[in-house]
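Visitor: Can you make the complete structure from the sequences, with help from the hints?
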Amino acid sequence: MSFITCQNLTREYKKGDAVIRPLDGLDLEIPRGDFLALMGPSGSGKTTLLNLVAGIDSPTGGSLVIDGTDLAKLSRNKLAAWRSKHIGYVFQLYNLVPVLTAYENVELPLLLHDLSKRQRYERITEALERVGIADRADHFPRQLSGGQEQRVAIARAIVTDPDIIVADEPTGDLDKGSAHTVMQLLQTLNKELGKTIVMVTHDPKTTEYATRTLHLEKGRLVEAEVAA
Amino acid sequence: MQLTLNQRESMNENIMIIGTGSEEGVERSQIDAAVEGIASASVPGLKERAGVVYASAEIHAALPVRESRSSTKDLNAVMRGVRPIAFLVHSDVEILEGRAPRSGMDEIMVGQLAATRLGVPAERLAVGSKLHFDNRDWTISGRFAAPGTVMNAEIWMPLTDLQVATKRESTLSCVIVTLEDATFADVDVFAKSRLDLEITAIPERSYYASIASFYGPIRVMIIVTAVLIASGGVMGGLNTMYAAFAARVREVGMLQALGYTRSAIVINLTEESVFSAASGALIGTVFGILLLDGLAVRFSMGAFALTIDAPVVFTGFVGGLAVGLVGALPPAVRCLRLPIPEALKSV
Amino acid sequence: MKYSALAISLISLFTLVGCGEQPSQTADAGASVSVQDVAWLLETEPAGAVSVSEVKASATEGQTVVVRGRIGGRKEPISDGSPVFTIVDLSLPHCGEIPGDKCKTPWDYCCETPEDLTANSVTIMLASVDPRVGGLKELDEIVVEGAVGPRPNESVLTVIATGVFVVK
Ligand SMILES: Nc1ncnc2c1ncn2[C@@H]1O[C@H](COP(=O)(O)OP(=O)(O)OP(=O)(O)O)[C@@H](O)[C@H]1O
Ligand SMILES: [Mg+2]
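The listed protein sequences derive, respectively, from chains E, B and V. If you read the first sequence in my numbering, its first letter stands for residue 1025, the second for the next number, and so on. If you read the second sequence in my numbering, its first letter stands for residue 165, the second for the next number, and so on. If you read the third sequence in my numbering, its first letter stands for residue 4, the second for the next number, and so on.
You can take every hint at face value.
Straight-line Cα separation of at most 25 Å, PhoX-like style, residue types lysine-lysine; simulated pairs:
no. : chain 1 : residue 1 : chain 2 : residue 2
1   : B       : Lys509    : E       : Lys1038
2   : E       : Lys1215   : E       : Lys1229
3   : B       : Lys237    : B       : Lys294
4   : B       : Lys331    : B       : Lys237
5   : B       : Lys509    : E       : Lys1102
6   : B       : Lys509    : E       : Lys1109
7   : B       : Lys509    : E       : Lys1039
To be clear, the hints were calculated from the coordinates, so they are not data collected in a lab.
Guide: Okay, here's the thing in structure tokens:
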């Protein structure tokens, strides 16, 4: 069994009589250390899949097993605990808390772990250094550029040292230069730290940093894998 | 908020002797001037110092007063005609400035809240200034305070002067005696056995308590107003909370994505809200004390000060906290009910 | 019969509690109620009672009188903690007897002129502290037996009561 295994993975929404099925019996295996780029037209179910992998949404059918854990079987609180350990989420719109500094934003996920202030300090500093933004630790999000904000968000995603990083259009709101920096950063995390990364993107250029790219359409994979 | 009606320490030992049938309003009472002397002589155990019995013959009258002879506007003043003994019998009265008025000199003395009662600025009743009534100018010879009592809003003047001004000749409104060894029963025995004098004894405290209940509707009105204001505040508070939480739906989604449990977030949000409500309540209380405490409220019988005391502060503060708590829970729960993916999509 | 005196004191205790007035006083009264305190309550009506106005017109100091009247004559004919109360001649209608009068204190005879009221009132003084302990209340018709106190003028008449009978 692979690190992440989706079997007949289905997500349905029922709206009265109508059934919307953004994910329709998807089979997918992601080995550990993979950097997977997901592409596809709008509404094809990319975010839906990503959210299932990140454990913030639950499948309505099929199974999703990550590193031996069947996510469908976890209670809401167990799932939250599982997320805090295994998942780092990078959002398109960064989602930093505006009233907290970069440092404090990165500290947020660490507060769920049993660490001393000192240990937290070390981890936060390390994460900020890795994303190259340690000198902006005291800045508030509004004092940062979009690219810098996304780097802080990536620091927040890696500070707990999760196995999996999920990123939903991480460069969707960035200019070329910033996008390049962010993609390089993700690539380094994948290559040097061995993080398994699942990324949704609309920009074919960004797939160059991934190890492989998959295409979704109407909730199904449509093409054979393309090796990077 | 509380209206403090003349119920101070000294009231416990003061007994009013007023006309039978006028128990509900001393202004209507007319008793024989002789009551003063007869009461002093026949009730044993009244307070006495240096041979002077604490029996204060008084006239209470509501009189129209003008700012000057040429003014056409009548101001409603509550007047009390007294002898010097009144300052001993009413031990709450403290002369702040100037001196007691002398009889026959057209002098008067004003209480701290008399200006509020008349509806004129406080400076208008400064010592040395004048008021006009009974076709004469009267000079303010002093100012006194009797905090928390109706006297605080009164104008005092020599008994005989007020007798003349009200054309009452030799009748009194009441005689107020101070007990020492005597009890209320002793004064009551005197009042009830002297049927010829047509008098009734009432503890001063009960008299003002019954006046207060007579003015209950005003109290109710004030309370209703306060409740309306408070519920407006609560609604505003809830609204603000909803708005504040709605703006943070995405943040809450993000926190959940990071692995925060719903309960942890509810606790956090509630804590935050209670904390800000507490700061708000604190600021409100400080403003309340600075702006409202001692603020005088006028109504027909006199003027009363709003007292913001410990229980009031406590109630206000706890109320504020409750708004924080009750206000936070519904919107917090509401925004947590949203599935995380939807919360993350909200703008 | 000691029995009934005890019963009356018990009843009065219940009335006091029932009224819910002055709870602290209720406790006191309850503690001090004894047969002794209400010894002045008579079980049988004393003979030869005359009206208040009659007594008022003729009685002299020291004379023993039996007078019949109704408790009232002012807003508070009976006051807390005071042994005196006033009664009014039965010939005077109290406010409750005047049709259409919705007075909350019908025993104050507020419709009478003060002169009439004074001429038709006498003061009753008990040895014990509070007439209410004996169950007396406003508008009760009673017959009082006692000695007339000092009369400095014709308006003043106090009966120092030795016995009070409540007419049912
Ligand atoms: N809560 C929901 N209720 C009903 N339908 C939903 C809900 N969330 C998503 N969908 C539907 O699921 C489908 C897939 O949505 P999803 O967000 O996964 O698309 P996507 O591939 O990420 O698109 P985009 O590239 O525009 O972000 C869409 O048709 C969408 O309308
Ligand atoms: Mg999407």
